[in-house]
Amino acid sequence: MLFCAEITDFKIVHNVLRSIAIKDFAILRPMEEGLKVTLDDMKCVETSAYIPCNMFSFYRISEKEDIVLKVSLKTLVEILNIFGDDGNPNLKLTYNSPGSPLCLVMKHKDENITVDCEIRTMNVDETRALSLADECDLNKIVINASILVDLLQRLDNFADEITLTISPDPPYFTLKATGIGGESEVNISKNSESVTVFQCIKTLTSQYSFNLIRQILKVMTYANKVAISTGESGLLGLQLVISSEERHMYVEYYVTSIFIPE
Amino acid sequence: MKFRALITEVPAMRDFMNIALSLSKFSKECVMRITARRVYFIISEEESGPRRPLVWCELPVNFYFKEYNFVGVTEQHNEIYIEFSTVLFARSLGILKQDVKSFKIKLTNKDSPCLTVEIELTAREIASREVVHDIPIEVISRKHWSDYEEPRFNDFHVSIQMPNLKALKNIVEHMRNMSHSLTVCADKNGRLTLKIKTNVVTLSAHFPDLSVESFAVGQIPVLTDCEEELQQSVHSTVDIKKFVMFLSGLQINNCRTVCSIVHEKMVKLHVEQPGALTIQVFLTELTV
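Taken in order, these protein sequences are the chains called F and B.
Each residue of the first sequence is one higher than the one before, counting from 1 in this note's numbering.
Each residue of the second sequence is one higher than the one before, counting from 1 in this note's numbering.
The hints are simulated quantities; they were obtained by calculation from the structure and are not laboratory data.
Certain hints may be false.
[Said to hold, decoys possible] Covered stretches of chain B (in silico footprint by chain F; criterion: 3 or more residues with CB under 8 angstroms from a CB of chain F, positions within the stretch not fixed):
no., region
1, 93-103
2, 174-181
3, 198-207
Just so it is clear, CB atoms sit at the ideal spot from N, CA and C, and this is done for glycine as well.
Turn these sequences into a full structure, and let the hints steer you where they fit.
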C-alpha cells in the first residue's frame with residue numbers, strides 16, 4: 001500500500017478541484033505533509049492544490065518511495081460530487097502500487113448507499129525538479145482575496161493583456177488591462193487595509209495574458225488571502241489560502257509573462 | 001369515433017397534468033390509446049425499425065374522469081389511437097396549475113382533427129373564464145395499431161424494489177457525464193448495483209437491503225464466472241441517457257418503483273400509484 005487516506009466533509013476540496021480543472025489530467029503527489037494536485041498548461045501555467053494531511057481523518061503514505069500518479073481530474077471531480085449536494089459522504093482513497101488504479105470508496109451518510117470506483121492511473125513521464133517558488137523571490141504582496149477578485153473582475157473584461165507593476169514608491173501596486181477597447185487601470189496602496197504584507201525591493205513590471213489570469217479567478221472566490229509574488233524572470237506566483245471550518249488548504253498558481261521585445 | 005371526458009376534482013387534475021408533464025420530458029410525440037376502461041399513453045423508441053414501446057403509461061378511467069363518453073372506431077374494435085405533440089399537450093395542461101373549476105378533454109374536428117382541451121377557471125374578481133386549446137392530432141389507422149401493442153413480459157429473472165429515486169438520480173446523472181452505458185445488476189440478497197465502466201474509470205453504486213419481489217436464478221443462462229456471488233446476480237447494460245431521462249423526467253412523487261431485469265436482455269422500470277396510474281419503461285440491452 002503506497003497511499004491510503006480518509007476524509008469526511010470534503011465539499012471544499014471538491015469545489016477547489018473543480019474550479020482548477022481546466023485540463024483533463026492532473027498529477028497527484030501524496031506527500032508526508034499532504035496531497036498535492038498539479039496541472040500544467042502548455043508549460044506556461046501551473047496550478048497546484050495542496051490538501052494538508054490534517055484535513056484528512058486518516059492519512060498514511062509509504063515512506064520508501066516518492067509517489068506520483070496521473071489521473072483524469074475531471075473524472076475525479078465528477079466522482080467526488082456523485083451524491084450531489086445532500087450526500088455529505090465520507091471518502092476513502094487508496095493507491096496500492098505503481099500502475100494500479102486509484103480506488104475510492106464513498107458512503108452516503110443518510111441513505112444506505114456505497115459507491116466504489118477505480119480510476120485508471122498513468123505514469124508520469126517527467127518530474128520537474130526546479131522550484132517555481134524560488135523564482136518568485138523579489139517582491140511579495142499579501143492581499144485580501146475577495147478585494148483582488150473584485151478588482152480583476154472590474155477591469156475591462158475584454159482586455160487581452162494585464163500589466164502588473166509592483167514598486168517601492170507610490171502608487172505601489174498597479175494592475176492595468178489593455179485591449180482593443182482601451183485601457184483600464186487600478187492602483188492599490190501598500191497602506192490599504194486589505195494589504196497585510198508588502199515587500200518590495202525594486203520596481204518590476206511584467207505583462208501577462210489576461211485569459212490566463214482569469215483562469216484562477218474561479219478558485220480565488222473561495223480564498224481568504226492571496227500572496228502575489230514576482231521575480232526577475234517575470235514569473236508570477238499566486239498563493240491562495242482557502243479556509244473552511246478552521247482547516248486550511250492552499251492553491252498555487254504560476255504563470256509566465258508575455259515576452260515584450262525591447 | 002367519439003371521445004369526451006371531464007375531470008372536476010383538483011387532485012385528479014394535478015395528477016393528470018403531472019403525467020402530461022412527464023410525457024413531454026420523455027419524448028416529443030406520444031400515442032394516446034383510448035379504450036372504454038383505460039386511457040394509455042405510449043412513447044415509442046425514436047430509432048427506425050420496428051417500433052418498440054419505450055414508455056407505457058396506463059390510467060384507469062374511473063379514477064380520473066367524472067364523465068366519460070367514448071365510442072371506438074368500430075364496435076368490434078372499440079378503441080381509438082391518436083398521436084400528438086407531448087409539448088403542446090403539456091403546455092395546454094399547464095393551466096391546471098391555476099384555480100380550475102373543470103377540465104374537459106375531447107376529440108373534435110375543426111379544420112383538422114384535434115384534441116380539444118377546455119378548461120374553466122374559477123371566477124374571482126373578474127368574470128369566469130374558459131380556456132380552449134386545440135392540439136392537432138393524427139388518427140392512427142387500424143392497420144398500425146399492432147405497433148402499439150402492450151408489451152408483455154413475464155420472464156424477468158429478478159424484480160427488485162428501487163431505492164429513493166432522488167439519491168439514485170443524482171448518482172446516475174453524474175455517471176452519465178462519464179459513460180454512455182449503464183449496467184444494472186441485482187442479486188437475490190436485495191442488492192441493486194449500478195455500474196459504469198470506461199477506459200478511465202470503473203464505478204459501482206451499491207444499494208443494499210432492498211426487497212426482492214421475485215428471483216428466478218435457475219433460469220439464468222449458464223454463467224461462466226465461477227465466483228458464487230456473481231452467479232447469483234442478474235444484469236443488463238442499457239443506454240444511460242434513457243435511464244436518466246426517465247428519472248429526471250418523472251414528475252410524480254410517492255410512487256412504488258420496481259426494477260425488473262431479464263439477464264443480458266432488458267431492464268424494466270415499473271412505477272405504480274395503486275389505482276391511479278402505472279408507468280413502465282422498457283430499456284433494452286445496448287448492443288455494442
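Now for the hints, and whether the structure bears them out:
1. With 0 residues carrying a beta carbon less than 8 angstroms from a beta carbon of chain F, the region 93-103 of chain B misses the three-residue requirement, and the given coverage is violated.
2. Coverage of the region 174-181 of chain B by chain F holds. Counting CB-CB distances below 8 angstroms, 4 residues qualify, and the rule asks for three or more.
3. Residues of the region 198-207 of chain B lying with their CB closer than 8 angstroms to a CB of chain F number 9, which satisfies the three-residue condition for coverage.
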